[in-house]
Every structure is written in structure tokens, then in C-alpha cells.
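**Q** Here is how the chains run, residue by residue.
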Amino acid sequence: MTADMAANMRKINASQAVAESLFQEMECDERVVILGEDVGRCGGVFGSSRNLLDRFGPMRVRDTPISEMSFTGMGVGMAMAGLRPVVEIMFVDFIGVCLEQVYNAMAKIPYMSGGRVKMPMVIKTAGGNIGSAAQHSQCLWATFAHLPGMQVVAPSSARDHKGLMAAAIRSDNPVIFIEHKGLLLKQAKEFLNAGDVPAEPFVTPIGKADIVRKGGDITLVTLSASVEYAMEAAAQVAGEGIDVELIDLRSIVPLDVETVAQSAAKTGRLLVVDEDYLSFGLSAEIIVRVLERLGPSSLRQLRRHAVPDVPIPAALSLEEVLVPGPASIARVLREMAAAS
Amino acid sequence: MKLNEINLFRTMVRLRAFDEACIEGVPTFEIHGELHTSIGQEAIGAAMAQSLTPHDAVVSTHRNHYHALAKGVPPRALMAEIFEKETGLCRGRGGHMHPFDPERNFSATGIVGASLPVALGYAYNFKLKGLPYVAVGICGDGATNHGTFHECLNMAAAWGLPLVCLVENNQYAISVRFSDVTATPGIAERAAAYGALGRRVDGTDVEEVVKAFAEVAKHTRKGGGPSLLEATCYRHRGHYEGDHDNYRERAEKQRMRAEMDPIARYRRMLVERGAAEGELDQIVAAAKGEMSAMLADIRKDAMPDPAGAMDHVFAEVV
Ligand SMILES: Cc1ncc(C[n+]2csc(CCOP(=O)(O)OP(=O)(O)O)c2C)c(N)n1
Ligand SMILES: [Mg+2]
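Listed in order, the protein sequences are those of chains A and B. Residues 409 to 748, numbered by the working numbering, are exactly what the first sequence covers, in order. Residues 600 to 917, numbered by the working numbering, are exactly what the second sequence covers, in order.
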């Protein structure tokens with residue numbers, strides 16, 4: 409990093425970081441167009457497309473009707489026509505409405521065309537638990553990861569929100585960029601995984617995990633808001649002599665198995681924390697890939713801590729026992745440390 | 600139909616008092632997620648209550664409290680659900696966007712555009728069994744630009760299903776103005792394209808809405824096929840409690856709240872017709888008292904026991 413770049417480091421929050429990235433990418437590439445519900449006049453319901461309408465006008469910042477199937481398909485057509493659309497699906501839960509265009513068109517056309525068609529399209533959407541019950545709380549990253557052809561990004565730090573959004577926009581692959589509502593609403597100063605954000609445009613490569621905390625006892629792998637929860641948990645148990653190595657995956661397609669496997673080989677204990685559903689998902693996938701690489705009996709302990717297979721209830725007394733948080737992560741870490 | 604004016608007034612006032620009581624749970628964090636109130640849209644719920652029978656079905660939206668109450672869902676159970684209590688309509692699992700009352704054929708969804716298809720299912724059942732009931736699918740102006748609106752009206756008309764599509768056109772879908780995303784002045788005019796009966800009504804003039812809803816419901820109940828009632832109104836508060844709502848001009852909000860307040864309008868009308876101000880005041884005070892007592896009582900109820908967090912995923916434990 410150059411000296412004047414360091415001078416331009418600021419503490420901004422995640423939604424500002426995304427909006428700034430969109431702004432800068434739209435400045436330098438006029439093919440970038442954003443469309444979705446409330447992205448224009450109100451700058452996104454979480455403020456992550458603020459200031460764009462005034463600067464770029466309604467042809468490039470389009471407030472759409474609530475017609476997800478059609479405007480997602482429109483994004484596919486725009487990408488095929490040579491634009492670089494960013495389509496916002498306000499909450500990831502609403503993807504059901506337009507999943508057809510996502511997995512039959514956006515994800516498959518590059519392959520079906522024998523590589524002749526590129527799909528430089530981003531779906532930008534918010535997931536995660538903040539007490540909004542069954543239809544507005546899901547993460548669903550594993551669902552997208554299961555569909556061949558999609559790259560799946562879920563940032564944690566404000567810095568990564570900016571750098572990974574730029575990478576997603578510049579990529580010729582279809583990318584789903586899953587923000588976490590809790591992170592979008594978090595103030596800059598509240599972030600544990602702080603990392604100042606450069607004012608200049610920059611790219612964080614998609615597919616490279618980040619070792620957020622070095623440690624020798626347990627490898628803890630997670631992403632998105634759970635990185636913050638895990639940092640809190642790791643700090644708690646550090647006082648008890650449990651030294652956690654924390655890895656922020658940043659993306660699950662591509663999945664940086666290399667970084668995870670190296671760490672797990674060192675610590676011998678692997679814990680995957682996932683705010684998405686437990687079964688048929690990220691946690692099993694990571695564990696299997698690590699074992700495939702290191703051998704089936706290479707690790708002393710394997711643990712998964714994810715949302716058990718149940719829709720998210722409205723009552724907070726129920727949500728709290730289902731969704732991984734700092735306290736439950738710390739509990740699992742203690743159990744692992746005590747076991748061997 | 601003979602109107603009981605005082606009852607109609609009371610119904611609207613109770614609806615508003617209900618939502619006002621719910622609002623109290625937001626700053627205290629008793630209610631989570633985005634709470635959507637219908638303040639300003641009371642006339643529509645009240646009108647529906649006049650025409651529905653216990654067997655009719657209603658499928659509502661994220662903005663569902665008035666529709667639930669109009670369908671006869673017990674206010675206490677509904678409010679307890681909104682406050683996420685074990686005593687709630689859905690044992691605190693559903694919350695304010697997802698109330699289900701199978702005994703009264705009432706349900707709702709937090710997904711825009713997802714109400715009409717489910718209403719269509721109820722309508723299909725009524726037709727299959729030859730029952731004289733209607734299914735009311737409710738949606739906002741925003742939801743009418745969802746594919747399901749077209750698909751459901753088409754199927755309902757093609758098969759002659761008893762679907763009443765009730766559109767609450769409050770002119771906004773969050774920040775997006777109806778006129779920015781729709782080229783026609785309204786929604787009712789689409790009915791003709793499907794072969795459905797279409798009506799547009801001032802949704803803040805309660806007697807007009809009562810008449811219009813009764814007319815379309817009767818048409819559909821008698822086997823006339825689907826109907827579409829567009830009730831125009833204005834959302835007095837933010838999209839949800841806590842919405843900054845800076846996408847609507849302050850002047851617009853002030854003017855519209857004054858002009859399009861169904862309760863104030865009806866009050867003026869009743870006073871002109873000779874109603875005593877004191878009697879109307881008493882009705883308002885009684886409704887507020889009723890709802891705040893209900894809230895105080897609900898606050899004493901238990902939260903759901905965490906031990907039951909995994910219950911109800913399947914009909915029986917597997
Ligand atoms: C499929 C889907 N897309 C988007 C949303 C987010 N959302 C919730 S309410 C709303 C606006 C709905 O507008 P309208 O239908 O006019 O109802 P109103 O809120 O005005 O009553 C939006 C976009 C959603 N819940 N579901
Ligand atoms: Mg509306």
C-alpha cells in the first residue's frame with residue numbers, strides 16, 4: 409500500500425462501503441447499471457445504494473416495481489447485451505420468486521453456450537438474522553453454492569464489502585453478493601474485524617479466505633456476520649487459554665479449502681460456524697473437503713455449529729437458541745477444548 | 600344493505616387503536632422485524648368485515664392486522680402473536696407478518712405477491728365443493744406488478760373461481776411511487792383484460808367502500824367469477840415502524856393525512872348527520888382503553904419456552 413493510500417483510510421460502515429464501491433465502479437465503467445426495489449430514490453432500504461440516483465440518473469439507477477422474476481431475467485438479458493447489471497433482491501428470502509432466472513439462466517447460460525456467452529451480472533441481496541422471523545431471516549448461501557455456475561460471496565468487514573463488490577462487478581462470472589442485515593445496520597466503530605477502508609477503488613480477489621485471528625488450538629471457519637460473533641467468542645475463551653485461529657471465508661464459491669486445510673492440519677480441531685441451515689450445507693462441505701485433502705483420520709475433532717433444520721421463529725427467546733451467536737460459539741469452543 | 604353508522608365508526612376506531620397499541624412494542628424491542636401498520640386504511644378493513652361470512656377465506660399481506668380482525672381473528676391472540684408470546688395465535692412462531700388462523704380461514708404472508716395464489720387455492724376448494732363462499736386475496740399496489748397478480752386473475756377468470764382480489768392502493772411500495780412503475784392511472788381497469796369485474800373506490804370513504812366491497816363480493820359469491828376491487832388510500836406512517844420515510848415530501852404527507860383519514864372523514868359526516876360529538880369521543884376512548892388494557896394483560900404472558908424451538912417443523916416428530 410502506498411503512503412498516500414494509507415492517508416486515505418477511513419472508518420466507514422458496511423453499507424457505505426458497498427455504496428461507495430458501486431459509485432466508483434459506475435464512474436469508471438458506464439456499462440454498470442443497478443436495478444431493484446428502492447435502490448434509487450431512497451438509496452436502498454439499508455442505504456447501500458445511496459447517492460447513486462443523483463449522480464447517474466434513472467437509466468442507470470432504476471427503481472423497479474416488485475417484479476423480481478422479470479427484472480432478474482432482465483439483468484440476464486442486459487448482461488448478454490453487453491451491460492454489467494447489478495440486480496438487487498432486497499432480502500435473499502425473496503429469491504424464491506426469481507430463482508428460475510437465477511439458476512436456469514444466469515448460472516447456466518455461460519456453460520450452455522459452450523463458453524461463448526459471458527454473464528457479468530451481480531445479484532446483491534441481504535440475508536441474516538436480526539429478529540425478522542421465518543420469511544426475512546435466511547442466509548441461503550449454500551442454496552446458491554449448490555447450483556453450478558454461481559459464485560457466492562458473503563463479506564464480513566467493511567473493507568471487504570467494498571473490495572469484494574468491486575471484484576464482483578468486474579468479474580465476467582455471475583456472482584451473488586450476500587450482505588448481512590446485521591452488518592449493514594452496524595456502526596463503523598462497532599466492528600471488531602475493523603480494517604479501515606481505502607477511499608480509492610480497489611479489488612479484493614474473490615476466492616481467497618482471510619485469517620482474521622491467528623491461533624494454535626482450534627480452527628474456526630465461518631463468514632459474514634458470524635465472523636464478528638466468532639471474534640467475540642474467541643476473545644472470551646482466549647482468557648481461558650483457548651487459542652482460536654479464525655478464518656473468514658469471504659466466499660463459498662470458490663471455496664478456499666487450502667487455507668482451511670492448512671490451519672486444521674496445524675490445530676487438529678475444526679469447527680465450522682454457519683448461520684445458514686445445518687443439513688446438506690456449507691459445514692458438511694468444508695469438513696469433507698478438508699478430510700479429502702488431509703485424509704479421513706487427520707483431525708482430532710470436527711464440529712458443526714449451524715441453524716438446526718428449522719425455520720426461524722419470530723420470538724427472540726426461540727431465535728436465540730437456534731442461531732449461532734457469541735455465547736453459543738464460545739460454548740462450543742470450550743466443549744472442544746475440554747474434550748481432548 | 601342497511602348501515603349501522605355507529606358500529607362502522609366503532610370498527611374503524613378499534614382497528615386504529617389496535618395498531619396504535621402494537622406500535623408501543625417497537626421502541627421497547629418487544630416486537631422485532633419490520634412492523635407494518637395500516638393506520639389510514641381502516642375503512643377497507645371495516646368494509647370487508649361487513650360482507651364476509653365466517654367461512655369465507657382471507658389471505659393477507661405484510662400489512663395484515665386489520666384484515667385479520669375483519670375476518671374475526673380474536674384480537675388478543677393476534678396481539679399476543681405480534682408481541683411474540685406463547686399465548687399468540689401461532690405460539691410466537693409466526694410473528695406479526697405471519698398470522699395463521701385455520702379455524703377462520705385467515706392467513707398472511709410476508710412475501711409480496713404471495714397472497715393471491717394462496718387465496719386462489721381457497722377459491723378452488725369452494726368451487727370444487729360447490730360452496731357459496733369467496734376467497735379474498737389482498738394485495739398492495741406494489742404487489743399488483745408481481746407476476747402472480749396476472750397469473751391468479753387469469754386462472755380465476757378462466758375457471759370461474761370465487762376470488763375477490765382486494766387491492767389497497769396507498770400509492771407507494773416502500774419508496775416507489777405507483778405512478779413511477781405503472782403507466783395506467785389505476786389498477787381496476789386491468790380487470791377487463793381478464794374477464795373479471797373491476798371496481799375502483801375511494802378507500803377512505805367508508806360507506807363507499809362498504810358498498811363497493813359488498814357489490815363485488817356478491818357478484819363473485821353468486822358465481823360471477825373473480826372480481827377486482829381497488830381501494831385508494833394513503834399510508835399515514837412509514838412503510839414500517841422506524842422507516843425514515845424521507846422519500847415522501849413532508850407537505851404531501853401532511854396534506855394526505857388530513858384529506859385521506861377515513862376516521863376523521865366519517866366523524867365529520869356523522870356529526871353533520873346529527874351524531875353527538877360526545878358519543879363519538881366516548882367510542883374512541885373506549886377503544887383506546889380496551890386495547891391498552893389488552894396490551895397490559897398480554898405483557899404478562901410468557902415468552903415461548905426455548906425447549907420447544909424445534910417443535911412444529913413436521914406434523915409429527917420424526
Ligand atoms: C417478493 C418480495 N419482494 C420484496 C419484498 C419487500 N417488500 C415488503 S413490502 C414491500 C412494498 C409493498 O408495497 P405494496 O404492495 O404497495 O404494499 P404496502 O406496503 O404499500 O401496503 C416490499 C417491496 C417482499 N416482502 N417480497
Ligand atoms: Mg402500497
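Everything labelled a hint here was simulated from the structure, so no lab data went into it. C-beta: ideal position from N, C-alpha, C; glycine also. Incorrect hints may have been included.
What the hints assert, rightly or not - Output of the computed footprint for chain B on chain A, the stretches with three or more beta carbons under 8 Å from beta carbons of chain B:
1) 468-475
2) 494-507
3) 517-531
4) 583-594
5) 655-661
6) 716-723
**Q** Each hint should be assessed against the structure and marked as holding or not.
**A** Hints, one by one, checked against the model:
Residues of the stretch 468-475 of chain A lying with their CB closer than 8 Å to a CB of chain B number 5, which satisfies the three-residue condition for coverage. Closer than 8 Å: that is the beta-carbon criterion, and the stretch 494-507 of chain A has 4 residues meeting it against chain B, so the requirement of 3 holds. For the stretch 517-531 of chain A, the stated coverage by chain B is violated: 0 residues have a C-beta nearer than 8 Å to a C-beta of that chain, whereas at least 3 were required. Only residues whose C-beta sits within less than 8 Å of a C-beta in chain B count toward coverage, and the stretch 583-594 of chain A has 0 of them, not enough to reach three; the restraint is violated.
Judged by the Cβ-Cβ criterion of 8 Å, the stretch 655-661 of chain A is not covered by chain B as claimed, because only 0 of its residues qualify and three are needed. Residue count for the stretch 716-723 of chain A with a Cβ under 8 Å from a Cβ of chain B: 7. That meets the three needed, and the coverage hint holds.
Violated hints, in rising order: 3, 4, 5; the structure is consistent with all others.
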